[in-house]
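What follows is the residue order along each chain.
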Amino acid sequence: MKGDRQLERSAMLAGVEMSLGRRFEAAQAGDAVAYRDFLDELSGHLRAFLRRRLAQAPDDVEDILQETLLAIHNSRHTYRSDQPLTAWVYAIARYKLMDFYRHHARRGALNLPLEAADELFARSDTEPMQARHDIGQLLEELPDRHRLPIVHVKLRGLSVAETARLTGMSESAVKVGVHRGLKALALKIRSAT
Amino acid sequence: METRDLILLLSRRAHAADRRYVRWRWAAGLALGLLASLALLWPQMPAEGSAVATVRTAYWLDLAVATALGMAALVLAVRLGRPAGSVRARGLVLALPLCGLALMGALEWWRMPGGLPETAWHTFMADVLRLYVPIFAAAFWCMRGQAPTRLALAGAAAGALAGALATLLCTVFSLDLAMSPWRLWHVLGVAVPALVGTLLGPVLLRW
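Protein chains in written order, with the working numbering: chain H, 2 to 194; chain A, 18 to 224.
Keep in mind that the hints are not guaranteed to be accurate.
[To be verified] Derived DEER-like restraints, expressed as beta-carbon distance ranges:
1) D41(H) x L205(A): 47 to 53 Å
2) D83(H) x A44(A): 45 to 51 Å
3) P144(H) x R223(A): 39 to 45 Å
4) V177(H) x R40(A): 16 to 22 Å
5) L57(A) x S171(H): 35 to 41 Å
These are calculated hints, taken from the structure and not from any lab test.
Keep in mind it's a predicted model, so treat the numbers as computed, not measured.
Beta carbons: idealized from backbone N, C-alpha and C, even for Gly.
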């Protein structure tokens, strides 16, 4: 019955909200493992959702997924803990997907409902596909002040202080470099997609 | 790079996003915009004891209304700078007083003897641009620091905010840009930038 299915979906969404919310909160407090788990869980749901919505363009799924993950990372400052995390994620995913459609669809526009977080989190797909665009290559195209902090802090796992010493940049320059570098990377991906 | 690698890249050295940055960006951006407008309009400031400053006896009422509209517009704009979330309630808080003002303004205009005052249109337009452009640019810059997912609405809100702040500026300094009736202009001063914002939003706010 429709009512039962609705109830089931709400319960499922509440469960996802709790699990994701817990991990996100821990991630905001500095727990890297929790953040990794958060992004892993999220990408499973996003991948399944994108595969369904992009049935005619399966090669683009992984690229849009990566672009969405980067967008979520770069706009963490816009999440307020008094709103549902699932709705916030869905809004960003919907925005990126519709953006892609606007630029690539030959026939008509995609009409995604404004609030359909339960559709996004109903399924999960953890089998990655081959991404068309190589983020590693795009990273190489960034200027040194962005690329070096990201390479040392994010890829090699050094601390900010160690990176500062290694590169000769100040600590605040390293922090700003990571922050701005990831934004620049997001822009590069967007123009590459 | 595989998605798994990207996730590792993003999760290394996880830390909270700087919430203060959000507030700082809005405050600093709008303050700079207002200062720029003020600087451009400085030659127009009414001298002490001039007739213009005393022509509107309801100064404090107008100031209260302008401040309220400014705050309502700010709350709406900040909300639309974030993904998701309903804006219906906040939208009404802004829209209803504006409609009330529009009605009052229309009544005033209808009852005004002699219609609109004679003004050189190019002077008027120059003044309008000097007032609105810096604040409009500032509001959009602030919005760009956020993550709006409804671009047309976000643009409209940024435009409305710019309009509300511009009219607040005029109210505070009793700037009469030769446009009466005051209340009708107040409404147009918010509605027109909002419309411009709706059109420019999808172009300027993409991220």
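Status of the hints after comparison with the structure:
no. : hint                          : verdict
1   : D41(H) x L205(A): 47 to 53 Å  : holds (52 Å)
2   : D83(H) x A44(A): 45 to 51 Å   : violated (21 Å)
3   : P144(H) x R223(A): 39 to 45 Å : violated (22 Å)
4   : V177(H) x R40(A): 16 to 22 Å  : holds (18 Å)
5   : L57(A) x S171(H): 35 to 41 Å  : holds (37 Å)
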